[in-house]
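Protein chains in written order, with the numbering used here: chain A, 1 to 612; chain B, 1 to 335.
No lab work stands behind these hints: they were computed from the structure. Incorrect hints may have been included.
Claimed, not checked - Straight-line C-alpha distance at most 25 Å; calculated DSS-like pairs for lysine-lysine: (1) B/K69 with B/K84; (2) B/K116 with B/K70; (3) B/K116 with A/K96; (4) A/K386 with B/K109; (5) B/K53 with B/K299; (6) B/K53 with B/K81; (7) A/K386 with B/K116; (8) B/K202 with A/K96; (9) A/K452 with A/K568; (10) A/K452 with A/K576; (11) B/K70 with B/K244; (12) A/K493 with A/K452; (13) B/K116 with A/K93; (14) B/K69 with B/K79; (15) B/K69 with B/K53; (16) B/K202 with A/K493; (17) A/K93 with B/K109; (18) B/K238 with B/K84; (19) B/K15 with B/K229; (20) B/K109 with A/K101; (21) B/K116 with B/K53; (22) A/K452 with A/K581; (23) B/K53 with B/K70; (24) B/K238 with B/K53.
Said to hold, decoys possible - Beta-carbon label-pair distances, calculated as ranges: (25) B/A333 with A/K578: 51 to 59 Å; (26) A/A498 with B/R185: 24 to 32 Å; (27) A/T38 with B/D329: 20 to 28 Å; (28) A/K576 with B/G267: 33 to 41 Å; (29) B/D329 with A/G557: 53 to 61 Å.
Heads up, the beta-carbon is just placed ideally off N, CA and C, and yes, glycines get one too.
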Amino acid sequence: MMVADHTSPTDHPNEAISAIDLWDDALLAARLIAVDPTGLKGVVLKAKAGPVRDRWLSYFSSLLPEGTPLRRLPAGITDDRLYGGIDLSATLKSGKPVRLKGLLAEADQGFLVAPMAERLSLDHASRLSGALDFGEARLERDGLSAVDCASFGLIALDEGEGESFGETAESLPPALSERLAFFLSLDSFSIRDAVEYAFGAEEVAEARAMLCTVDAGEAAIETLCGLALKLGVFSIRAPVLALKAARAHAALSGRCRIAEDDIIAAVRLVLAPRATMWPAPEEDYEEESVEAEPDRSDEQRDGTNERPDSDTVGPIDDLVLEAVKVGLPPGLLAAIKAHSERARGKGERGKQGSDQFSNTHGRPLSARRGDLRAGRKLDVIATLRKAAPFQALRAREKGVDGQKPSTQGRRRLYVRPEDFQITRFKDRKETATIFAVDASGSTAIARLGEAKGAVELLLSESYARRDHVALISFRGEKADLLLSPTRSLVRAKRALAALPGGGGTPLASALSTSIGIVEDAERRGRTPTFVLLTDGSANIALDGSAGRKHAFDDALGVARQFGALGTKALIVDISKRKSAKAQEIASAMNGLYVPLPHINAEALSSAVRALA
Amino acid sequence: MTYPFSAIVGQDAMKNALLMAAIDPSIGGVLIFGDRGTGKSTAVRALASLLPKMDVIEGCPYQCAPDGKKCEQCQGLTKYKTRKAAVPVVDLPLGATEDRVVGALDIEKALASGEKAFEPGLLAKANRGFLYIDEVNLLEDHLVDVLLDVAASGINVVEREGLSLSHPARFVLVGSGNPEEGELRPQLLDRFGLSVDVETPKDLPSRIEVVRRRDLYENDPESFVAKYKRKDAAVRRKVLDGRKLLPNITVPDDVLALASNICMMLGTDGLRGELTLMRAARAYAALSGAETVTDTHLKAIAPSALSHRLRRNPLDETRAVVRVERALDDFMAAA
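The following block holds chain A by itself, in its conformation from the complex (with noise of 0.2 Å):
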């Protein structure tokens, strides 16, 4: 029985699961993957760099069969890579284009390895995942068109920091990571207790063999898309992914046929991960278990074969989710929950990470002419065609010159200096704005409202701009990122409606998450501009402890600090009269300090301007 256990965690159902349980399920991800690298797509695997990480990968590797592609996916690609570019050197000797492969198509049959997954682009995600869809990667560039066949399983290696599951400031696009079945995470283990297995091989390679007569059977479909509803997990992939989890799990053991363990199996290593809420919370479970039981067995007594509905637990999916409970890594029913509420008012979306976008893909201006030197990068196409027309001219001229003409007749091309085309690239420098709002109880109700409806006009305003927003809320005991940088409207909308107001105002802890925030901007390349809507009267520490004090010291420290990056900021004092200590934050800040005593939308819009 779970929710009660959440608040000591001694007592924890899931202590009994040991880490060797947990390390046990990590290698049967990699088995089952191994069995249907193209159907479950691959892994989510969260892990910092690391000798359990490593062992991991080699078991993983050692249940291939020989010959399988395993490629390594370089950070910060580029297309010509990914998709197969001009081979210079065979286009030149030729005189007509000729194409290297690319990285996608080379990992055709077998696997990419994703590392530093958390901070791949938005582009490089959306190009994964379009292959990942369709088994295929299609290239339009450069004066190049093709179509290669690219199925492979991807093994995203997400070292970001913070919680195992989502959340984090940096996270793998979930545009990405939903169409991968496993989410694993091997943080909380030591070496120990990830003990070498060496077989497995063989087992993979009959399952293989055996996968496509594996029989799903109705039953197994229904049960996955209930418990799929049950447990919020929304996107249609889910149980697709999970459907699949469980013939790999049953070709694993030799069944043609899927059963219940498979099905827990399946849900405890698919569903379970995405979860963004639990059936049945526990203080209702309790008091219904008396009354509903009758109910229940009615039901069953009509023998009605109505499909259960998505609102009653049906027995079968009971079992099952007993079943997935008793294996669940600890703290991820915890964390579930407190999503769960999180989301509550956020809409039904359910768990998303964080919108990634890059510049790096500037707009690429035409192909100027230019030397080579470090650091440039030579448009092939271009200079081919600069050269082209000149071609007869020169072959003219070298016969001339009193050298033979070439054995190789025509097929010799002369390029010259002078023809070299630079690609050059237009930086669009992205921009980010970030807001944190003062939501304590010191901001009266109304002005938390007032200061909302002042944030929202300015994201209206940075999204007709492209801008990406940030919204970061303090109260009570510390701040929360209701949004990382986005550029979703939606998004923003949904995560300052849900914005709750009250408590005490934990200045020190926001300015220290917007530090973060602002960092990660600029690590991304964009220029972060950053706006706090406070009035100043700090009242709980760092270490969140209540005392003006204390408090007030912290807050000044950490301002201070972010006075050090040298990040634009505006601090905009929402008191009733000005606030001495508002203005001792902005100095510290370095940042520029308006007064709103009413705040009024137009004139904040004008002062942000004013700093960009």
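Chain B: place on chain A using the hints.
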């Protein structure tokens, strides 16, 4: 082997919008926005294998029709052979460069023989068909501008690398995306004729059906496609019949008046909304096999024709589709 169009569970708004564009390409593009995993790409790919074959002039790089407007090259021909070709549904992959989209100097010919020849790009390939952009919101702005310009004019003008030519490029632009990953520039939204929101089905029976069909298809694509052959053929027939019907469809005056009133009440800017609304209503009537456009047709397609033209109010959480539907209900009740 692509997933059959008729095997897609639900998503009627999306399917109808695509079929309407197949009946009357002048409706303008179709924008499909919505949740992940709702089969947006699948539907567009399925459309390709569903559409009836068309007559093209043999050897023409732009698939010119023997009985339609021809490209410069085909205009000079006195005798030509024709062949049946599939309606092109061209994918514009992410990372495509401008030279491949609009076409460029054929380097191979230029290098080998010094000949200045044009190598047609994706816009040429898509002539008389569909051009599909998945994640249209991630496409670089300058490419979107080129595409919208060509889609509106139907002609691709190439002025680059010493080439100066133009060729027909009439196609239906289909864009899809997920609003959670960044929205389309507002000024681009209303360049699309129709816009549909797709959502993951929330009810258990349809979800089970989606998963079941997906499973059957992936396990044995051949027999799955064979199973839906007749249903696909029925949809194809609807498109063909609709095309025949379209020129003769009449729009009664009261329906015309209703259309302008709806646009006025919703405050959609410009004439484009009204025009698209009428075209879409006619195409929808044709798709449903009706000879006269009725209020019901208008009401059915108004959300997809108008929802993306409403002025945005950042403080209003209500989805645009709901606002259109509400306005319609109010209006019908008053009338």
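Against the structure, the hints come out as follows:
1. Among the hinted pairs, B/K69 with B/K84 is consistent with the structure: their alpha-carbon atoms are about 17 Å apart, no more than 25 Å.
2. Pair hint B/K116 plus B/K70 holds up; C-alpha atoms about 22 Å apart against a cutoff of 25 Å.
3. Pair hint B/K116 plus A/K96 holds up; C-alpha atoms about 15 Å apart against a cutoff of 25 Å.
4. Proposed proximity of A/K386 and B/K109 is supported: the alpha carbons are some 13 Å apart, at most 25 Å.
5. Distance hint between B/K53 and B/K299 is unfulfilled; the C-alpha atoms sit about 32 Å from each other, more than 25 Å.
6. A C-alpha spacing of about 16 Å is found between B/K53 and B/K81, which places the hinted pair at or below 25 Å, so the restraint holds.
7. Between A/K386 and B/K116 the alpha-carbon distance is near 12 Å, which keeps this suggested pair within the 25 Å criterion.
8. Between B/K202 and A/K96 the alpha-carbon distance is near 54 Å, which puts this suggested pair outside the 25 Å criterion.
9. As the CA atoms of A/K452 and A/K568 are separated by approximately 21 Å, the hinted pair is consistent with the 25 Å bound.
10. Between the alpha carbons of A/K452 and A/K576 the distance comes to roughly 17 Å, so the proposed pair stays at or under 25 Å and holds.
11. Under the criterion of a C-alpha separation no larger than 25 Å, the hint pairing B/K70 with B/K244 is consistent with the structure, at around 22 Å.
12. At most 25 Å may separate the alpha-carbon atoms for a hinted pair to count; A/K493 and A/K452 meet this at roughly 10 Å.
13. Straight-line distance between C-alpha atoms of B/K116 and A/K93 comes to about 21 Å, which keeps the hinted pair within the 25 Å bound.
14. With a C-alpha separation of about 16 Å, the suggested pair B/K69 and B/K79 falls inside the 25 Å cut-off, and the hint holds.
15. For the proposed pair B/K69 and B/K53, the alpha carbon gap of about 18 Å is at most 25 Å, so the pair holds.
16. Between the alpha carbons of B/K202 and A/K493 the distance comes to roughly 23 Å, so the proposed pair stays at or under 25 Å and holds.
17. Annotation: proposed proximity of A/K93 to B/K109 holds, straight-line Cα distance about 15 Å (limit 25 Å).
18. This hinted pair checks out: B/K238 and B/K84 have alpha carbons roughly 20 Å apart, not beyond 25 Å.
19. Distance restraint check for B/K15 and B/K229: the Cα-Cα separation of roughly 17 Å lies within the 25 Å cut-off, and the hinted pair is therefore satisfied.
20. A hinted pair counts as satisfied when its Cα atoms are at most 25 Å apart, and B/K109 with A/K101 qualifies at roughly 23 Å.
21. At roughly 33 Å between alpha-carbon atoms, B/K116 and B/K53 are farther apart than 25 Å, so this suggested pair is violated.
22. Under the criterion of a C-alpha separation no larger than 25 Å, the hint pairing A/K452 with A/K581 is consistent with the structure, at around 23 Å.
23. Among the hinted pairs, B/K53 with B/K70 is consistent with the structure: their alpha-carbon atoms are about 18 Å apart, no more than 25 Å.
24. With a C-alpha separation of about 14 Å, the suggested pair B/K238 and B/K53 falls inside the 25 Å cut-off, and the hint holds.
25. Separation of B/A333 from A/K578 is about 54 Å and conforms to the stated range, judged on CB atoms against 51 to 59 Å.
26. Distance hint check: the CB atoms of A/A498 and B/R185 are about 27 Å apart, consistent with the given range 24 to 32 Å.
27. In this structure, A/T38 and B/D329 break the distance hint of 20 to 28 Å, their C-beta atoms being roughly 47 Å apart.
28. Here the CB-CB span from A/K576 to B/G267 is close to 39 Å, well matched to the stated 33 to 41 Å.
29. Look at B/D329 against A/G557: about 58 Å separates their beta carbons, and that is inside 53 to 61 Å.
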